[in-house]
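Peer 1: Whenever a hint applies, use it, and build me the whole structure from the sequences.
In my numbering, the protein residues as written are 11 to 251.
One or more of the hints may lead you astray.
Stated by the list, open to error - Below, in silico cross-link-like pairs of lysine-lysine (DSS-like), each with a Cα-Cα straight-line distance of 27 Å or less:
{"hint": "1", "residue 1": "K171", "residue 2": "K200"}
{"hint": "2", "residue 1": "K200", "residue 2": "K55"}
{"hint": "3", "residue 1": "K225", "residue 2": "K171"}
Said to hold, decoys possible - Between beta-carbon pairs, the in silico distance windows are:
{"hint": "4", "residue 1": "A135", "residue 2": "R74", "range": "17 to 25 Å"}
{"hint": "5", "residue 1": "T215", "residue 2": "A71", "range": "29 to 37 Å"}
{"hint": "6", "residue 1": "T128", "residue 2": "D78", "range": "30 to 38 Å"}
{"hint": "7", "residue 1": "G66", "residue 2": "R136", "range": "16 to 24 Å"}
Keep in mind the hints are simulated off the structure, nothing from the lab.
For every residue, glycine included, the Cβ atom is placed at its ideal position computed from N, Cα and C.
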Amino acid sequence: MTKPDLPTDVPIRDAATVIVVRDCDTAPKILMGQRGAKAAFMPNKFVFPGGAVDSGDYDIALARGLPDSCAETLAQELRDETGAGLPVAAPVAAVRELWEETGLVLGTAGAWQGEVPTDWQGFAARGYVPDASALRFVFRAITPPGRPRRFDARFFLLDAKHIAGDLDDFSAACDELSHLQWVELAEARKFDLPFITEVVLAEVTGRLPDLAPPKSVPFFHSGAETMLFGKLKGHAQGVAD
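Peer 2: In structure tokens:
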């Protein structure tokens with residue numbers, strides 16, 4: 011059977027993913043949802059909330075940004091000069107995607123200054139402005155070549171206690187993720203997960219219950235024949251496929 015032609019020149023988009031954990035000290039649970047069967051990227055897979063960084067994310071003012079150490083690590087090894095504002099835009103995208111895909115608010119009570127962008131109107135109507143101070147940058151991964159879409163994803167760990175409102179109320183979520191649920195961390199690998207999600211889960215499992223900003227961040231990327239796994243800012247080592 012002939013393999014379908016795979017794209018070789020798909021642009022890599024910056025993205026942000028949020029790993030929300032509740033009951034960190036007792037029986038940790040993580041928030042996951044299922045992508046649609048017709049989704050172009052990872053159909054049917056169970057994933058964390060997240061998505062691409064939009065151009066508008068660079069213009070949103072945060073009540074508080076990432077911890078300094080996380081922002082400094084995030085700024086390392088950017089692919090090009092266009093990512094100069096990423097230490098602000100990526101956490102903004104994380105807060106926005108969490109709101110859009112789950113209806114959960116990560117913010118500080120307050121009023122927006124000026125006109126509220128369309129993507130944020132529901133968020134602002136609840137009386138909050140985005141706050142990224144509880145996010146912890148814990149993982150970076152670049153989608154391998156040959157995929158219909160490619161992302162340079164930054165994964166942020168979040169203790170659910172910083173979420174405003176009811177943790178089980180997903181009524182404001184869009185329809186991009188279905189079956190939103192809190193999954194026991196020990197049971198998560200029984201779901202249909204993307205490979206990189208399994209890798210990130212192992213990292214999170216080893217880190218909990220410590221939610222302090224990490225001293226180093228794993229960085230995973232791969233080429234046509236190799237997988238590279240290193241640390242920011244470290245030296246990746248090649249691993250055969």
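Peer 1: Looking back at the numbered hints, which does the structure fail to meet, lowest number first?
Peer 2: none
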